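Chemist: Listed here are the chains, written in short residue letters.
Protein chains: 2
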Amino acid sequence: MRTYIECIPCFFKQAQSAAQLVKASLKTQKRILDRLALKIPKFSLKTPPPYMGRIIYNIVKEETHKKDPFLKIKEKSNNIALKLYPYLKKRVKKAKNKLLIATELACIGNIVDLGVKNSHIIEKEVESFLKGNFNLNKKYNKALFDFQDFKKKLLKAETILYLADNSGEVVFDRILIEEILDQFKNKKIFYAVKEKPIINDALIKDALFCGVDKVAKVISSGCDSPGIILEYAGKRFLSVYHNSDLIISKGQGNFEALWGKNKKIFFLFRAKCEVVARHLNCKLGDIILTRKK
Amino acid sequence: MRTYIECIPCFFKQAQSAAQLVKASLKTQKRILDRLALKIPKFSLKTPPPYMGRIIYNIVKEETHKKDPFLKIKEKSNNIALKLYPYLKKRVKKAKNKLLIATELACIGNIVDLGVKNSHIIEKEVESFLKGNFNLNKKYNKALFDFQDFKKKLLKAETILYLADNSGEVVFDRILIEEILDQFKNKKIFYAVKEKPIINDALIKDALFCGVDKVAKVISSGCDSPGIILEYAGKRFLSVYHNSDLIISKGQGNFEALWGKNKKIFFLFRAKCEVVARHLNCKLGDIILTRKK
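Protein chains in written order, with our numbering: chain E, 6 to 298; chain R, 6 to 298.
Calculated from the structure, these hints are not laboratory results. Because the structure is a prediction, the values reported are computed rather than measured. Check each hint, because a few of them may be wrong.
One copy or any two copies: either way a pair holds, since identical chains are not told apart in the list.
Restricting the straight-line Cα-Cα distance to at most 27 Å, the calculated cross-link-like pairs of lysine-lysine (BS3-like) are [claimed, not checked]:
# : residue 1 : residue 2
1 : K51       : K32
2 : K77       : K88
3 : K277      : K81
4 : K158      : K136
5 : K161      : K297
6 : K288      : K28
Produce the complete structure using the sequences and hints provided.
Modeler: Take a look at the structure:
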């Protein structure tokens, strides 16, 4: 997806939020925004937004002298999500359509704010989402949730590449992977995480901590951008990317980076901003399961 | 008021909205944001936001080759507000506390979007606001609406300087000025507008079109910034500014530019952004009538 003009103010908002979140001094916050500002004139709107996301969070890292500014947030998310694991498994077990619920849960893992709340509050939120309360306008629009197409393609796929998004959310991904392996035999699943810290995105250690390695082959994408940018991706990742039969791409960042690149990529995420919602002709807050045909 | 770090993303949002409003091409929109970006590193957070507002809208003017990009919007606002004049006069006439209603109306003139809707819809909106529905959270917080202090100072003041904000809104200002002249004898009122086009701010011709010259001496501030910046103000304006006994300052722009400059300035506006609301310790959407003591 290309960058829209509305993304530019949002880049500054992201940089400012990130700088405040990692408790940078006001002087450092200003310096972060100043450095971002100097990148704008050279940044083409033809470029997908995650290219700039990568620049922003690298500036934040450099200016705050923190290699992994979101480390604590990630650790909290992992811990709370792991606590939820038994509940999530039970929730899938008692469902009529287990694969659908597991797919929805994989998306919900991206929506609930795992870093802040306790597991009981999150359980309530998960239940609320499972009742169809996905849309910010309280109307769950399933127009772009093409579960039947997804299921059909899953059935045929032998090798699946799963692109991770945030830490913590990994546990929710694991539930979906376990359900896929349970329903369809002889699947080989790769689980690709980021190479270096970028926001609260999952790294190899997060995937291992959340136990995804028990059910999938965990690999690094080679990227440190929010959303996998193929030109920055590692050789091994690219080999899996090209040779897999189906790709499950989690999160809006991966959507922005990879939309239109390949018909075999199913994007599973929530439309979190107006620009993406407009691009897909859906409502803000909708959950999406779709591929570019 | 100083610039907060959160103002920087907002500068870009303002520039982008202004560029879109005047139907600039995507290329021009990007060029406007690029030029703004280059101004950020040199911009100190100690500077009030209207300094940047001035820069932004001058870039928009230059890049769109339009000396007055908001001209049509201003003309529409003037026309619709003038149509409302008889209704507004009637509304004050039937009120118990005429000065209070006229003061509230002066603020409401800034809130209702005069450029878009028809006069009947605006009449309904005005009635809704007069019922106390000022706050965006639907609770009208009068904590910072110090009408008694205002009335007391008005009584004593001989020379009053009234700082205009938007076109159209001028008609609402005229109602307040007429009420002041009606209730208190021997007042001399100056009505200061912007020197050159800046957003939809009133110019001399707007003040004349709306008939303020019948009740006040219309002068130019010499400024082309959204909010009067004293160092850019004209000599004649500054003489009136220093020699007047009381100043009524309309709009958030004037608040941002002049807050803390002088105890005799009463700021009458709606807190339209979180930053200003936080600065004043009020709620977003509150209407404010206060001075720095």
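Chemist: So, for every hint listed, does it hold in this structure?
Modeler: Evaluated hints:
no. : hint        : verdict
1   : K51 - K32   : between (32 Å within a copy, 12 Å between copies)
2   : K77 - K88   : within (17 Å within a copy, 60 Å between copies)
3   : K277 - K81  : within (22 Å within a copy, 36 Å between copies)
4   : K158 - K136 : within (26 Å within a copy, 59 Å between copies)
5   : K161 - K297 : within (18 Å within a copy, 71 Å between copies)
6   : K288 - K28  : between (33 Å within a copy, 25 Å between copies)
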